[in-house]
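**Student:** For the sequence shown, the UniProt record's numbering assigns the number 1 to the initial residue and increments by one for each residue that follows.
Keep in mind that the hints were calculated from the coordinates and are not lab data.
Note that the structure is a prediction, hence the values are computed from the model and not measured.
Among these hints, one or two may not hold up.
As the list claims (entries may be wrong) - The calculated SDA-like cross-link candidates involving lysine to any residue, where the alpha carbons are at most 20 Å apart (straight line), are:
1. Lys100 with Gly151
2. Lys100 with Ile84
3. Lys145 with Arg133
4. Lys145 with Phe65
5. Lys145 with Val130
6. Lys145 with Val90
7. Lys100 with Val130
8. Lys145 with Asn83
9. Lys145 with Thr70
10. Lys31 with Ala43
11. Lys96 with Lys31
12. Lys81 with Pro109
13. Lys81 with Asp148
14. Lys100 with Arg133
15. Lys31 with Val42
16. Lys145 with Ile68
17. Lys100 with Asp111
18. Lys100 with Asp148
19. Lys81 with Asp143
20. Lys81 with Glu154
21. Lys81 with His140
22. Lys145 with Ala43
23. Lys145 with Leu123
24. Lys145 with Ile95
Said to hold, decoys possible - Label pairs and their in silico Cβ distance ranges:
25. Glu154 with Asp111: 16 to 22 Å
26. Pro105 with Lys31: 45 to 51 Å
27. Leu25 with Pro99: 18 to 24 Å
28. Leu76 with Gly27: 29 to 35 Å
29. Met72 with Leu97: 25 to 31 Å
30. Met72 with Pro105: 37 to 43 Å
Don't be surprised by glycine CBs; every beta carbon is placed ideally from N, CA and C.
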Amino acid sequence: MSEFLKISGRRIVLVLALIALWMLLSGYWNKATLVAFGAFSVAVTLWFSERAEIVDREGVPTSIFPRILTYMSWLLLEIGKANIIVAREVIRPQIKLAPKMIRVPADQPSDLTRTIFANSVTLTPGTVTVDVREDCLLIHALDEKLADVEGIAEMGAKCTRLESGRGA
Numbered sequence: 001m002s003e004f005l006k007i008s009g010r011r012i013v014l015v016l017a018l019i020a021l022w023m024l025l026s027g028y029w030n031k032a033t034l035v036a037f038g039a040f041s042v043a044v045t046l047w048f049s050e051r052a053e054i055v056d057r058e059g060v061p062t063s064i065f066p067r068i069l070t071y072m073s074w075l076l077l078e079i080g081k082a083n084i085i086v087a088r089e090v091i092r093p094q095i096k097l098a099p100k101m102i103r104v105p106a107d108q109p110s111d112l113t114r115t116i117f118a119n120s121v122t123l124t125p126g127t128v129t130v131d132v133r134e135d136c137l138l139i140h141a142l143d144e145k146l147a148d149v150e151g152i153a154e155m156g157a158k159c160t161r162l163e164s165g166r167g168a
């Protein structure tokens, strides 16, 4: 039996995640042809993933999947709050933005959670991760109101808890 055909928990999780992502992005739920194309695209992606040898603990971190849903819900709420702040600042007749660069500690246990942290900061309106180091992130904030080091550090702590297993 070839290595590719062996079933493992990571492969199953990856297949299910790819199917869910494809269905979410395509919007097609009932059309057999499109679902077949979706299944084909998932199979091809899985095949390439296997060939690139990325279906491992780091490439498919099954241990964080239960906690990532809680984290994503929290992150969506934070993105909404930041949207309101940015909209208020931009809609004002006289825009008085005070851009600021800040350093925030990044003590995540792995590159994966550090990347999730950096991407979460960038997804939040008004902030962009400019540089990622072993011990900190350099972040550009559109305004001082968005340069909340404590709030961003809380986001980092939640990312750390994704891997530590204490809940997001």
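**Student:** Evaluate each hint against the coordinates.
**Tutor:** Results for each hint:
1. Distance hint between Lys100 and Gly151 is fulfilled; the C-alpha atoms sit about 15 Å from each other, no more than 20 Å.
2. Restraint check: the Cα-Cα separation between Lys100 and Ile84 comes to about 19 Å, which is no more than 20 Å; the hinted pair holds.
3. Only pairs whose Cα atoms come within 20 Å are accepted, and Lys145 paired with Arg133 is rejected, the gap being roughly 24 Å.
4. Straight-line distance between C-alpha atoms of Lys145 and Phe65 comes to about 32 Å, which puts the hinted pair past the 20 Å bound.
5. A hinted pair counts as satisfied when its Cα atoms are at most 20 Å apart, and Lys145 with Val130 qualifies at roughly 18 Å.
6. A threshold of 20 Å between alpha carbons decides the hint, and for Lys145 with Val90 the separation of about 13 Å falls inside it, so the pair holds.
7. Restraint check for Lys100 and Val130: satisfied, since their Cα atoms lie roughly 12 Å apart, inside the 20 Å limit.
8. Pair hint Lys145 plus Asn83 holds up; C-alpha atoms about 12 Å apart against a cutoff of 20 Å.
9. About 26 Å separates the Cα atoms of Lys145 and Thr70, which puts this hinted pair outside 20 Å; it is violated.
10. Between Lys31 and Ala43 the CA atoms are separated by roughly 18 Å; this keeps the pair inside 20 Å, and the hint holds.
11. Taking the CA atoms of Lys96 and Lys31, the gap is about 51 Å. The hint is violated against a cut of 20 Å.
12. As the CA atoms of Lys81 and Pro109 are separated by approximately 28 Å, the hinted pair breaks the 20 Å bound.
13. With a C-alpha separation of about 13 Å, the suggested pairing of Lys81 with Asp148 holds against the 20 Å cut-off.
14. Restraint check for Lys100 and Arg133: satisfied, since their Cα atoms lie roughly 19 Å apart, inside the 20 Å limit.
15. For the hint pairing Lys31 with Val42, the CA-to-CA distance comes to about 16 Å; that is within 20 Å, so the pair holds.
16. This hinted pair does not check out: Lys145 and Ile68 have alpha carbons roughly 27 Å apart, beyond 20 Å.
17. With a C-alpha separation of about 26 Å, the suggested pairing of Lys100 with Asp111 is violated against the 20 Å cut-off.
18. At roughly 10 Å between alpha-carbon atoms, Lys100 and Asp148 fall within 20 Å of each other, so this suggested pair holds.
19. With a C-alpha separation of about 14 Å, the suggested pair Lys81 and Asp143 falls inside the 20 Å cut-off, and the hint holds.
20. For the hint pairing Lys81 with Glu154, the CA-to-CA distance comes to about 15 Å; that is within 20 Å, so the pair holds.
21. Pair hint Lys81 plus His140 holds up; C-alpha atoms about 18 Å apart against a cutoff of 20 Å.
22. With a C-alpha separation of about 46 Å, the suggested pair Lys145 and Ala43 falls outside the 20 Å cut-off, and the hint is violated.
23. Our distance criterion of 20 Å between C-alpha atoms is met by Lys145 and Leu123, whose separation comes to about 17 Å.
24. Only pairs whose Cα atoms come within 20 Å are accepted, and Lys145 paired with Ile95 is accepted, the gap being roughly 14 Å.
25. At about 21 Å, the CB distance of Glu154 to Asp111 agrees with the hint of 16 to 22 Å.
26. For the hinted restraint 45 to 51 Å between Pro105 and Lys31, the CB-CB distance of approximately 49 Å keeps it satisfied.
27. Taken as a hint, the range 18 to 24 Å is violated for the pair Leu25 and Pro99, whose Cβ atoms sit roughly 33 Å apart.
28. Against the hinted window of 29 to 35 Å, the Cβ-Cβ separation of Leu76 and Gly27 comes to about 19 Å, which falls outside the hint.
29. Distance hint check: the CB atoms of Met72 and Leu97 are about 29 Å apart, consistent with the given range 25 to 31 Å.
30. Taking 37 to 43 Å as the suggested C-beta distance range, the pair Met72 and Pro105 does not conform, at roughly 23 Å.
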